[in-house]
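Student: Top to bottom, those sequences are chains A, B, C and D.
Quick note: the first sequence uses the numbering used here, first residue 1, plus one each step.
Quick note: the second sequence uses the numbering used here, first residue 1001, plus one each step.
Quick note: the third sequence uses the numbering used here, first residue 2001, plus one each step.
Quick note: the fourth sequence uses the numbering used here, first residue 3001, plus one each step.
Since no wrong hints were added, every one of them can be taken at face value.
Heads up, simulated DSS-like pairs for lysine-lysine below, C-alpha to C-alpha not over 27 Å straight-line:
1) C/2243 x D/3138
2) C/2073 x B/1168
3) A/142 x B/1501
4) B/1441 x B/1490
5) B/1054 x B/1289
6) B/1228 x B/1168
7) B/1042 x B/1065
8) A/142 x A/99
9) B/1576 x B/1562
10) B/1572 x B/1377
11) B/1388 x B/1490
12) B/1467 x B/1388
13) C/2187 x B/1329
14) B/1441 x B/1388
15) A/142 x B/1490
16) B/1572 x B/1562
17) D/3028 x A/37
18) D/3139 x C/2243
19) C/2187 x B/1289
20) C/2073 x B/1238
21) B/1179 x B/1572
22) D/3313 x C/2007
Read the hints as simulated data drawn from the structure, not as lab findings.
In this text the structure is predicted, and so the values were computed from the model without any measurement.
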Amino acid sequence: MTAKTETAPPEQPTPPTAASRFTTASQWQLVWWSFRKHKLAMLGAIVTLMIYIVAAVPDFFATTDPSQQNARAVYHPPQPLHLFATLPDGSTVFSPHVKQMVLKRDPVTLAPIYTEDPTRRIDLRFFAEGYAYHLFGLIPSKTHLIGSTDPRQQIFFLGSDRLGRDVWSRIVKGCQISMSIGLVGVAMSLLIGILLGGISGYYGGRIDFVIQRVIEFILALPTIPIWLALAAALPQNWPALLHYFMITLILSLIGWAQLARVVRGRFLSLRTEDFVTAARLDGASEMRIIFRHMLPSFMSHIVASVTLAIPAMILAETALSFLGLGLQPPVISWGVLLREAQNIRSIVTAPWLFAPGAAVVIAVLALNFLGDGLRDAADPYNK
Amino acid sequence: MARKRNNSGGLKLTRRQLMAGAGGMAATSLVSWSALAQGAAKEAPEFVQAVADKKLPPLAERLPKIPLVVQPVERVGRYGGQIRRGLRGSADHNGILRMVGNQGLTRWNLEFTDVLPGVAHKWDVNAGNNEFTFHLRPGMKWSDGHPFTADDIVFVFEDCLANTELYKSPPALWTINGKMCKVSKVDDVTVKFTFDGPYGMFLQQMATPLGQHPTLFPKHYCSKFHPKYANNVADLAKAANVPDWGALFRLRCGDIEIPSRWGNTEKPTLDPWTIAEPYTGGATRVVLKRNPYFWQVDTEGNQLPYVDGITFSIAQDVESLMLDVVSGKIDIQERHIDTLQNKPTVAQSAQRGNYRLFETINANSQQMSIYPNATHKDPALRAIFANKDFRIALSHAINRQEIIDIVYLGQSEPWQFGPRPTHPWYHAKFARQYTEFDPKKSNEMLDKLGFSKRDGQNFRLRPDGQKLFFAVDVIPTLYPDQVDALELCKRHWAAVGVDMKVNTIERALYYTRGDNNDHDFAVWQGPGGLEPLIDARDWVPIHPQGSRYAIPWAVWYSSNGKEGAEPPENHKRRTKLYDEARSISDVKRQGELMKEILDLAADAFDAIGICLAPNLFGIANNRLRNVPAKMPGAWSWPNPGPSMPQQYFFTS
Amino acid sequence: MLGFIIKRLLWMVPSLFAVSFLAFVLIQLPPGDYVTTYIATLAASNEIVDRTAAAELRTRFGLDQPFIVQYFKWIVGIVTRGDFGLSFEWQQPVSELIWERMALTLVVTSSTLLMTWALAFPIGVYSAVRQYSIGDYFFTFLGFLGLAIPSFLLALVLMYVAVVLFGADVGGLFSPEYQTAPWSWGKVQNLVEHLWVPVVILATNGTASLIRIMRANMLDELHRPYVTTARAKGLSEFRLLLKYPVRVAINPFISTIGWLLPNLISGALIVAVVLSLPIAGPLLLQSLMSQDMYLAGAFVLLMCTLTLVGTLLSDILLALVDPRIRFD
Amino acid sequence: MTTASPGQPIISIRDLHTHFPVRGGVVKAVDGVSFDLSRGKTVCVVGESGSGKSVTARSILQIVDPPGRVEKGSIVFNRTNGTSVDLASLNPRGREIRSVRGAEIAMIFQEPMSSLSPVHTIGNQITEVLTLHLGMSKKEATARAIELLRAVEIPNPERAIERYTFEYSGGMRQRAMIAMALACNPQVLIADEPTTALDVTTQAEILDLMKRLQAERGMAVMFITHDMGVVAEIADEVVVMYQGKVVERGPVEQIFHAPQDPYTQMLLGNVLKLERPSQIRAAREPVSAEEPPLLDVRGLKMHFPIRKGFFRKVVDHVRAVDDVDIVVRAGETLGIVGESGSGKTTLGRCLLRVYEPTAGQILYRRPDGSVDDVASLEKDRLRECRREMRMIFQDPFASLNPRMTVGQIIGEPLLVNGIAEGSELHDRVAALLKRVGLNPDWAERYPHAFSGGQRQRIGIARALALSPRLIVADEATSALDVSLRAQMLDLMLQLQDELKLAYVFVSHDISVIRYICDRVAVMYRGKVVETGDAEQVCNDPVHGYTKALLSAVPRPDPRERRIHARHRYVN
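Let the hints inform the model, and build the full structure from the sequences given.
Tutor: Pasting the structure below:
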């Protein structure tokens, strides 16, 4: 038998470098400490957190009802936010506002032309009163993070679309669907993946053989045609929520087989670990072995792969929407918004309609950085 | 389009000029050929050389004795150049048809008001309106130089359309009372069509794309794939890897509306240009080249077409077609890019792309017809939808001007249904009733109808306690503007307490739901603005797929009362009047009948309209001339074909 | 090894039957059929298909027959005659349609693959060797960015920029004058001029993820004892990296070569649609959308076959490059 | 072969410092080391893990893994041709140091499996050095490689060069490594624990080989090891390292027989302690052979099927345990000794039915006198038996769930068997910790806060939690440094006294067996070839294999070099 190299110095009460809190640090604390050192991952975590806060209460961050059309503000260009105003006497005061713009339509080309009206500005304030909504779908509220002091005056931080709907508010609202579709989709593939992978890996033998063949078969099916066919096959008269759920399910079809393989592999290798054998000899039941001893051992890996799977889902949703098979308006998701922007018209006359693309890129980047950092920090014991 | 026709009518077609607004009229006349023949007939330089090399017979031998003389829109042009145009990824064969495939026995004038001689240089119609004798042009030839005669037309009818292996049943256009017309050869250049009953619209139908069968199959070529004339068809089918001779025939000779019509470079045609690079599944472009035997000349005797050929590039995505347009890689295009929403973009890039915009007169009447299903399966909803006051209330609740401003860039006017304002049959009441935005009135009416109770969200409740709610089917991929307009309607209706769902569904499902009569409401574009008698679905319940306010009634009509549901008196009366108007050709009488129909339709108020279908646009390269500044846009007038692209030319 | 291959090949037969059936079911799943979509497509330009004509089309295509009969006819045709049926839309034999597009499909996808590898390998190795250097961070960021941008968005914007700002000719793979010209130097050059835009777009995404994988693989191998052994032999760093860790880190890629086979067809789908590339992807998409059953079915079947063959190929390749597996 | 001036050392290391900058500080892995290597002499660098011996060796060739780097000091390399170079001052990536590596100074490593490339043939890896440094053609290099393999006694070298690493056995791999190192006739050979991963008999062969080659070539050898027996066997000079510093150096005789430094003395003391039976055991009453056995294993077989092909058909079996009979009596320690692959670990695990035995009986006498066959027990009854029969694992890292606190780990058997919970559980865990010599307050800590020895104590506490009667200890001390090994064994013996425990002690280490066991079973290829009293088996073995095994173990006394004259067992 081989002598393993031992890293800790011999027989000292506690390793000398360790602070006392290190000794009682649980797995998650260790992961956190190691994760914290990753600057990019921390940034990703913060951005992700912010995005999910926005996704939780999108209406609070919106300035206008995202479905509110406005005939006088079609293809309204973005209005930059000015934080300070210059008073007539030349002094500068803090007074958030945007410049008002007036619409004229070119009689020949029909193109909307906006001119800034330097004399008029729209004053803004924080926690302004705006359109009514329900916080978390329950609590009625009218408060918005920022809004015009005059609720009849619309503001367009990121411009408006062809119907005069506020792009910023729509991005914020779309955030809810897009971010949750990733989360729910991954949760579903996780559920199937862990269940089947776990059964396969823990029990092995014939069940394993069957599940492995099923997984291989599913992996052999080409994804895109299946997506297309399934998405096209969805009964379109289903309620939006069910439809959304099904789209998510279709997207999660990509993920589960891969995840099941990972889980199986983990289970297979853990099954022969000494500490699992020890637990079995301790008399722990199968369930307890799985849930108390094995599952925590790869939970952090699962969390990392889940984090990395969410951006794939978000991108898949946009791709499906691009093909016209994903969610449909009036549902607002980033994919839907991008599909609406997906034309030469937008590039030429309203490039700000691509702002949802930036939102996708930011969200995907943040989640990838976060996931990458988590993956590196996932196993604090094997350093 | 052809339905049951059983009335007879006058012979002479004397419609007034309906579209005074249409610019530069391409008046074509039968100028005496002898007058022209004296001048040196001119032809394209490439043919001059070919003739000199004896590869081609001289022009005089190639042209018929009586060629069609075309009056150019602006001026006599010059030879040369290649027109660049775009097709969408697939199933866009009609994009080629519209440009080159309009060589029927008759053809439309530019104003879409009258039929003019086409392949036939004249015709006679009997008093019973059921016998049509067409006089073909002597000496006319297919694009391979083979003579075109009455035999070709007889072949089409007797051997092809009547062959049940090729056509299970003959196309409806050629049948009256369930029987296909008899086509007989009088002599080489005379052919007679005999129908079982009067057919007042026959000459117009012959000018539409579906009426072009007589000139579609050259006997000398297509008989090679017909078992009656060839005994090796089974082998040929096998060699071509297709299951039977029918498939082989369609592969080689095509049909009016299938891609393979443009997939065979060998098939002779009567078109100004013939296929040089075919339209197949793998094609990235389709190229057509000049037909040396084309049978039309300009007023100076120059053989048409002026332009050497046409290149259709195939864009998988409409956006790359748009890109080609704005970057000046397309010479003429309206198809796929002509939505109003695209207009600012296209107009702004006109200078960069070196093109100008021309206008297409929308043949449609209504931009978005909202059809409440008056024959809904659910009795409660049926009672509500069938109530005229309910529909009036909904109509008054719509702020049409807002929809026009936002969705249609202010380019339209509130409108219900019927012939367009420029049309002589324009019906003011049917077109304008209930279009005022009057939520107060709407609320009063709805209250009176028994929907006065409201729920927690301020939506009205039906007397049975359920929320007043319905879904409106719309196809987002087909008409994205309608989704936008419906979103606005939703808000307008919500303001009067009516809840509606914009039911965005995929197109196949839209049809399936319609066929099964499953829809609450549905929207579609309302056709018939310029051809109120050819497409009358919105004022007469005759179209089993299009008359969505009452599909079972339309089925009842088209099945002669065997299927569907019997319509109310008002509607039945309209179908009767319609049948009568279709069988006659006396325009004045037609107008009277039509007025009666529209009176009844206005009274019934079956569907709710939003606005007059706005005119669309197309682009033409600044060097490409003789393109009318205004032309109709319709399937019956398959733009730009009837504007005669063969007389377009490039300035140097 | 030979026995193994034969067994795997035999195993493919029932798999392919199952897959073909599933493919058929999937294509039939959406409501309506080819004729419905055909009518709807034409309706988009206000063109009207006659009701009787529609019924006739259904009879002609056999769409009025029960599903299982349609499947049976199709599969018998394939097995007995190698006949994949007639495309409803094009009235052309399916195999002809697919083959027509295969050559260019291969050109696009394989040049994408080459570019992806040519970029990803050196960058991945660099990133791993210089872990946490500025360069590593730069490429990591770039890699993630490449992963984050939806390819269709990139395609559209790049296409617009190339066309409008640089006057490039992007749609398609050839200039008009070369479209149908026989192959020549000029045509190849022309192809290369057109190829770069789609290849750059297609490669962006693939390269990004490949860099990540290569970097991770390399990091796993870099600190293995055998690398130290090689260093103790006096090999130069460059030679050492190339011969040992890179050689081992590359094995996981070889195992994915097989997975790329079906990608040859469907991989570039979305980008090809945006850029109007005359390759297989858009045809596949179109056939699925219009429910052109036999064409779509043949595509799906072809891709499944390629997946299965590819997996087998991967296993064989992996065994060839990795003696540990060969002798297992 | 070399005729340089004998007085001058070939390598002279002075005040070498190699540091590893880490977050928040610097680890001084080598901290002012000085010693010399001379031609034809073997210098053994000895020390426990983490003492810096390996980093010292790597510093010579400048192949310290990043972020480590030579900070200070000189490594002067005096060539035979009279030139000298300070290796420490060379650019680690430069051409100069590269021309030294492999050509003039060669190195071999501990794990031949992972130290050789898995995807290149052995021949390829050897010829590479030859073409690189000697500029040989491919053909010449191949011929030379075959010659080299023959020199290291690899049979059939012509075919062997085409083979891959994994096709070689452990000893062969190390031979191939040596062949590779010797390819360019280096003047210095650095061997970093080259025999640690090998069985003793194989180790003996490799040591023999190295000795012979050194004699033939007159190389200077720097031999790194933690095994004092090996040091005594081969060293001319010894350098003892502790925490990056040289604590003592001198001729082997002096180090072993007159050690000056307290650390050396402690180290040797521990080693020598294990050369004799334990004092604790010596003071005990011998266990009567008449007593009914606690565990009576009869005809135990454990065959693992070898499956092949697509349908996973069983084509053969690995007979890991093949018809084994052993007896364990209450209060005694049975040692099971054997080399890797002998089936001893499998046997240990079968006793608790971690594996399902293929055949045979494991008769276990319950406290009430009834006898259960563990091999065929029902689930519930097995659980009861497993409370009385416990296990201690080899790897103190892998056997403790890193995600549970020590208290949870030790309390787990009490909890799941419903014996204690709440504050009672807490108290019992505290008592157990105290019993194995750990601070009861540490129950809240996680395993990562403990050193290897402490972890092994936690493992013992877990085994003790259910008041067992029999403990199977599977290589319980192999992962520990020698200084900890004796402590751990003493603890186990104490506990045996206090709790009347019986041990089945599985080990490959004869000295450990001799120290702790009353009786010994020697396993070879799945069979027990010899059983008997520990004294008798260790001192006067009967079976040929046992003789070979014992004689291959190097004694920690330079005066008793005997490996060369060892008994060789050929089956």
